[in-house]
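Just so you know, the protein sequences line up as chains A and B, in that order.
Counted the way our numbering counts, the first sequence spans residues 4 to 269.
Counted the way our numbering counts, the second sequence spans residues 4 to 269.
A portion of the hints provided could be inaccurate.
[Claimed, not checked] Counterexamples of contact, computed for chain A against chain B with all Cβ distances above 12 Å:
| # | residue |
| --- | --- |
| 1 | Arg31 |
| 2 | Gly59 |
| 3 | Glu202 |
[To be verified] Here are some chain A residues pointing at chain B (derived, C-beta under 7 Å):
| # | residue |
| --- | --- |
| 4 | Thr38 |
| 5 | Gly150 |
| 6 | Ala259 |
No lab work stands behind these hints, which were simulated from the structure alone.
Remember, predicted model here, so these are calculated numbers, not experimental data.
Even for Gly, the Cβ is constructed at its ideal location relative to N, Cα and C.
There are 2 protein chains.
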Amino acid sequence: MKYYGGIEAGGTKMICAVMNEDGVLAERFECPTTTPEETMPKLIHFFNSYTIESLGIGCFGPIDVHKSSSTYGHILQTPKKAWRNFDFLGSFQKAFSVETVFTTDVNAAAYGEMISGTATNNRNFLYITIGTGIGVGVIINREIYHGFTHPEAGHLLIRKHADDHFSGSCPNHHDCLEGLASGPAIEARFKKKAFDLYEDDPFWTIEAYYLAQAVYNYALTVSPECVIFGGGVSKQRQLLPLIQKELEQLNMGYIALPDHKSFLRH
Amino acid sequence: MKYYGGIEAGGTKMICAVMNEDGVLAERFECPTTTPEETMPKLIHFFNSYTIESLGIGCFGPIDVHKSSSTYGHILQTPKKAWRNFDFLGSFQKAFSVETVFTTDVNAAAYGEMISGTATNNRNFLYITIGTGIGVGVIINREIYHGFTHPEAGHLLIRKHADDHFSGSCPNHHDCLEGLASGPAIEARFKKKAFDLYEDDPFWTIEAYYLAQAVYNYALTVSPECVIFGGGVSKQRQLLPLIQKELEQLNMGYIALPDHKSFLRH
Numbered sequence: 004m005k006y007y008g009g010i011e012a013g014g015t016k017m018i019c020a021v022m023n024e025d026g027v028l029a030e031r032f033e034c035p036t037t038t039p040e041e042t043m044p045k046l047i048h049f050f051n052s053y054t055i056e057s058l059g060i061g062c063f064g065p066i067d068v069h070k071s072s073s074t075y076g077h078i079l080q081t082p083k084k085a086w087r088n089f090d091f092l093g094s095f096q097k098a099f100s101v102e103t104v105f106t107t108d109v110n111a112a113a114y115g116e117m118i119s120g121t122a123t124n125n126r127n128f129l130y131i132t133i134g135t136g137i138g139v140g141v142i143i144n145r146e147i148y149h150g151f152t153h154p155e156a157g158h159l160l161i162r163k164h165a166d167d168h169f170s171g172s173c174p175n176h177h178d179c180l181e182g183l184a185s186g187p188a189i190e191a192r193f194k195k196k197a198f199d200l201y202e203d204d205p206f207w208t209i210e211a212y213y214l215a216q217a218v219y220n221y222a223l224t225v226s227p228e229c230v231i232f233g234g235g236v237s238k239q240r241q242l243l244p245l246i247q248k249e250l251e252q253l254n255m256g257y258i259a260l261p262d263h264k265s266f267l268r269h
Numbered sequence: 004m005k006y007y008g009g010i011e012a013g014g015t016k017m018i019c020a021v022m023n024e025d026g027v028l029a030e031r032f033e034c035p036t037t038t039p040e041e042t043m044p045k046l047i048h049f050f051n052s053y054t055i056e057s058l059g060i061g062c063f064g065p066i067d068v069h070k071s072s073s074t075y076g077h078i079l080q081t082p083k084k085a086w087r088n089f090d091f092l093g094s095f096q097k098a099f100s101v102e103t104v105f106t107t108d109v110n111a112a113a114y115g116e117m118i119s120g121t122a123t124n125n126r127n128f129l130y131i132t133i134g135t136g137i138g139v140g141v142i143i144n145r146e147i148y149h150g151f152t153h154p155e156a157g158h159l160l161i162r163k164h165a166d167d168h169f170s171g172s173c174p175n176h177h178d179c180l181e182g183l184a185s186g187p188a189i190e191a192r193f194k195k196k197a198f199d200l201y202e203d204d205p206f207w208t209i210e211a212y213y214l215a216q217a218v219y220n221y222a223l224t225v226s227p228e229c230v231i232f233g234g235g236v237s238k239q240r241q242l243l244p245l246i247q248k249e250l251e252q253l254n255m256g257y258i259a260l261p262d263h264k265s266f267l268r269h
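Looking at chain A on its own, in the form it has when it is part of the complex (with noise of 0.2 Å):
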């Protein structure tokens, strides 16, 4: 039997997993992100109980995914400053000899959704994930896409909603679209998690015209056949008609945007 390695780098936590050729999950391992000295021997000792045949790896940003480039693999100018200049990608490689893929976490995530989720038939369409950050992953002709650096779009210019007099809480752009919208920012305000606002919470309608903003901007530069949500304030249910509304009222009729039905997803 063979076995593939996968690892999701979050911030937060580490998980870790390993699938059997079949596709099935033969066994996962989670551990909170600390310091690379503590964290990485768990996730290397995880992975020495198998023989496996690759590693794939999504790591949080920014980090250096260019092959070409002397800190290929490395965790570039994170707030994390434990594993900033880390060279996360090397760790692995020095202790498995094995083919490895690296990108950002939210690539691998939009991957997983092109290979066995809600975008199998899409060709070209984004990931975005709202939890403690904000992440966004882009699939181009299905294929991950990096350019230059990678996509860093979570963290978009955006326009104030004049109901809105939080100063944001990022701590480069403070009220981007991370600053504003994401899980702390909405902790910030209210002093409560977002999963404790009610359904009905004036607040959700400045979130979604933050969201809309930003499915606008990338619906104009990327033109994407959908755009699938994840995160920890995207399993708020009245976000997603939320979204739709005020992007219809941002567009004004101008792009052809797919079917309301297909485009934003869950």
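Please build the complex by placing chain B on the supplied structure of chain A, with the hints as guidance.
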């Protein structure tokens, strides 16, 4: 000798050209864009003097660029009513049985920059023209990119500058990028052409703020290696350094942008 035809179909004028197999311009023809009834016979008449091998068309948008669509080659919801739903490509296909390529005017310009312009070494980049309108062509993996429809990134939603009291000239979005930063938007503010403003007019800082926001949001979304500026307004040589400065202020060191000398180009 073999000949190849090309058309830049603009909202104001049509430019046709025939090139020979050595890549030398054989002949060029220009006429105003009035109505299909009046304009189309002139274009067809021009190409009739040659036995062309193929015809490449870059057309003002929005247009249908998807070969599998029943309205492939048509002009769509343009504000120029006479051309709305007009089968532009089909009119040429009826007249000439040659291979055709049909894309947006800005995609054609972007492609030209890749073949023999300033982006011959680039894989992923944007071409932005700032003139009567603002259009953006997108090259991904050295191919013209369309997506679900095609990019319309000249209409990006951006933040208004605090010192700007103009309400915007876009008939659909009012104060989108095109509505705030295109030639007609500048003219509407000052009752004179952008060309006639002094080089050190404080307005150029506002214009740069708008363009920098757009470039930054493009960079966050598709991470291009460069952005090439074309069109009348970008002939203002003072603009690019101002955009660069605004761009750095917006980024706050967050994403790695290409070296500033190669990132923004004329």
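How the hints compare with the structure:
1. Arg31: holds (32 Å)
2. Gly59: Given that every Cβ of chain B is farther than 12 Å from that of Gly59 (chain A), nearest at about 21 Å, it holds.
3. Glu202: holds (27 Å)
4. Thr38: violated (23 Å)
5. Gly150: holds (3 Å)
6. Ala259: holds (5 Å)
In summary, the one numbered hint that this structure violates is 4.
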